[in-house]
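Undergrad: Here is what each chain is made of, one letter per residue.
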Amino acid sequence: MIELNPMVIFIAAIFTNNMILSNFLGMCSFVAVSKEINTSLGLGQAVTFVLAGTSIINYLVYHYILVPFNLEFLRFIIFIISIAAFVQLIEMIMEKYIPNLYYALGIFLPLITVNCAILGVSLFMIIREYSFLQSFAFAVGSGIGWTMAIVALAGIRQRLKRATVPKGLEGPGITLIVTGLMAMAFIGFSGIVQIQ
Amino acid sequence: MNTIIISTASITIITALFAVLLTIADRTIGYYGEVKLTINEEKEYTVEGGSSLLSTLIGEKIFIPSACGGKGTCGYCKVQIHDGGGPVLATELPFLTQEEMDDHVRLSCQCKVKQDIKIEIPEYLFNVKEFEATVESIEVLTDTIKKFRFKLPEGEEISFKPGQYVQLKAPLYEGNDEEVYRAYSIASSPTDKTHLELVIGFIPEGIATTYVHHHLEEGDKVTINGPFGDFYYQDTDAEMIMVATGTGVAPILSLLNYMKDNDIKRKARFYFGAKTPDDLFMLDYFKHLEETLYDFKFVPTLSRIKDDDESWTGEKGRVNNAIDKLLEENENQEGYLCGNEAMIDSVVKSLTKKGVKEEKIYYDKF
Numbered sequence: 001m002i003e004l005n006p007m008v009i010f011i012a013a014i015f016t017n018n019m020i021l022s023n024f025l026g027m028c029s030f031v032a033v034s035k036e037i038n039t040s041l042g043l044g045q046a047v048t049f050v051l052a053g054t055s056i057i058n059y060l061v062y063h064y065i066l067v068p069f070n071l072e073f074l075r076f077i078i079f080i081i082s083i084a085a086f087v088q089l090i091e092m093i094m095e096k097y098i099p100n101l102y103y104a105l106g107i108f109l110p111l112i113t114v115n116c117a118i119l120g121v122s123l124f125m126i127i128r129e130y131s132f133l134q135s136f137a138f139a140v141g142s143g144i145g146w147t148m149a150i151v152a153l154a155g156i157r158q159r160l161k162r163a164t165v166p167k168g169l170e171g172p173g174i175t176l177i178v179t180g181l182m183a184m185a186f187i188g189f190s191g192i193v194q195i196q
Numbered sequence: 001m002n003t004i005i006i007s008t009a010s011i012t013i014i015t016a017l018f019a020v021l022l023t024i025a026d027r028t029i030g031y032y033g034e035v036k037l038t039i040n041e042e043k044e045y046t047v048e049g050g051s052s053l054l055s056t057l058i059g060e061k062i063f064i065p066s067a068c069g070g071k072g073t074c075g076y077c078k079v080q081i082h083d084g085g086g087p088v089l090a091t092e093l094p095f096l097t098q099e100e101m102d103d104h105v106r107l108s109c110q111c112k113v114k115q116d117i118k119i120e121i122p123e124y125l126f127n128v129k130e131f132e133a134t135v136e137s138i139e140v141l142t143d144t145i146k147k148f149r150f151k152l153p154e155g156e157e158i159s160f161k162p163g164q165y166v167q168l169k170a171p172l173y174e175g176n177d178e179e180v181y182r183a184y185s186i187a188s189s190p191t192d193k194t195h196l197e198l199v200i201g202f203i204p205e206g207i208a209t210t211y212v213h214h215h216l217e218e219g220d221k222v223t224i225n226g227p228f229g230d231f232y233y234q235d236t237d238a239e240m241i242m243v244a245t246g247t248g249v250a251p252i253l254s255l256l257n258y259m260k261d262n263d264i265k266r267k268a269r270f271y272f273g274a275k276t277p278d279d280l281f282m283l284d285y286f287k288h289l290e291e292t293l294y295d296f297k298f299v300p301t302l303s304r305i306k307d308d309d310e311s312w313t314g315e316k317g318r319v320n321n322a323i324d325k326l327l328e329e330n331e332n333q334e335g336y337l338c339g340n341e342a343m344i345d346s347v348v349k350s351l352t353k354k355g356v357k358e359e360k361i362y363y364d365k366f
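Heads up: the protein sequence lines correspond to chains L and A, in order.
Just so we're aligned: 21 in my numbering is position 21 of the first sequence, and the numbers increase by one with no gaps anywhere.
Just so we're aligned: 167 in my numbering is position 167 of the second sequence, and the numbers increase by one with no gaps anywhere.
No lab work stands behind these hints: they were computed from the structure.
Idealized CB from N, CA, C, for every residue including glycine.
It is possible that some hints are incorrect.
Far from chain L by the CB rule (all over 12 Å, computed), these chain A residues [stated by the list, open to error]:
id, residue
1, 3
2, 26
3, 306
4, 311
Lysine-lysine pairs mimicking BS3-like chemistry, simulated, CA-CA at most 30 Å apart [as the list claims (entries may be wrong)]:
id, chain 1, residue 1, chain 2, residue 2
5, A, 36, L, 96
6, L, 96, A, 118
7, L, 35, A, 112
8, L, 96, A, 349
Examples of chain A residues toward chain L, derived with CB under 10 Å [what the hints assert, rightly or not]:
id, residue
9, 13
10, 17
11, 86
12, 87
13, 88
Using the sequences and the hints, build the whole thing.
TA: Structure follows, in structure tokens:
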């Protein structure tokens, strides 16, 4: 494995290895919460924040608890537990100190727990054997990339409201087609860097 | 073997750590201290912050109607919050109209008490109490409908207007893992303040109806709170047209019992709609009321009876057909309707055609 600069990973996670558009992870909230730019931006921020936090926790738990005891196979369970606990904690902190954002995100905040992009990032950083800095850069980059993609989609969907869409394709149908087109457009970035 | 023990132990330890962390966070970050709750600008309570407005109010013995038990799915627990409620949440939006939002109406189960809060609730809710009532008797009325008579605890009384309803709590039982409250109209007369009668139909897989029909026995205790509702007897001299189907008979019974107990001299007609003769009940009692009340006529009408069926001498067709046929045009009439939505909508149409003013038609849809 070539030692990649964390900055390179950061850029790659945003553009060439975008969580949604090249891995199709986190599709559920991507389709469900992309009706308005404001809420999708809020959700994107929350996802980025949770990604940054959980990548640190999961990195430490994996390398300092699971690896020494040869328990790597438990990572799925442990990662999900730590993500759930972290989201709970964030929820309490946000409710008390930034109530406006808390209310804006509403139900979406607890739903981040089951956003597979979050688990995906934690697993990718283990599989690709990233160092601590690389993991963190990858997580933040993925979060920003996810936010960018969902905000872009929300912008497109706001415009689509005024377009005449064939009856059978209304709602999630046309959204998935748009996502596919966006994914193809993002292939254009793939010449910049590759981190697979 | 070792791996199993180590992995179990490590999962346990890690989850325990997170649990401890979250508990500490809940005690520190999630602690809001004491806040002041002001109701209708007159009553002030000092309460512990952090839980929903609905459960805070229940803690102060103020019962807001709520069928789902605070999960934000029934939309009954609306209150006006003038100050300190925070913005409207996405979970409330489906239950609120634009008008209600302009009036600062919120779902009290979704709104958390975190700071000093000022709310407004209808005055009658202060009258709502909770009781541990005992089942005194159960009477089978039809295949699916039973009448339950409850005795309130010694020394406690309920005062209600005829037509109002109470909520009955369905506790956890085998096959049910959630506590819910369900609303049932009172069938007994308000003159007897120590007993309540409810007429409850069985709904397959209904949480509360399964409980009362299959688990409740004489001598059992149930939790009831009430009274609620704005469907009740109006003290006027207008002629009363009562219409009910199924268990909607309950509030009508309460009205009639009230009139009997107080010897009220008003003209009253009761149209009882059902499908087949088996769905009718308490016919003898209504006959008895026809004889004792001042001017009361009981009109049972069946919708699923063959035209050539000789054994049935009452009305045929739906209740609104019977009203179209029998009711005289008169402005000085009041409608009291209780039953399903379709019945009420069609009866309201029939009544307005006969000159009954729409604001004089009172109904309870379920």
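Undergrad: So which of the earlier hints does this model not fit?
TA: 1, 2, 8
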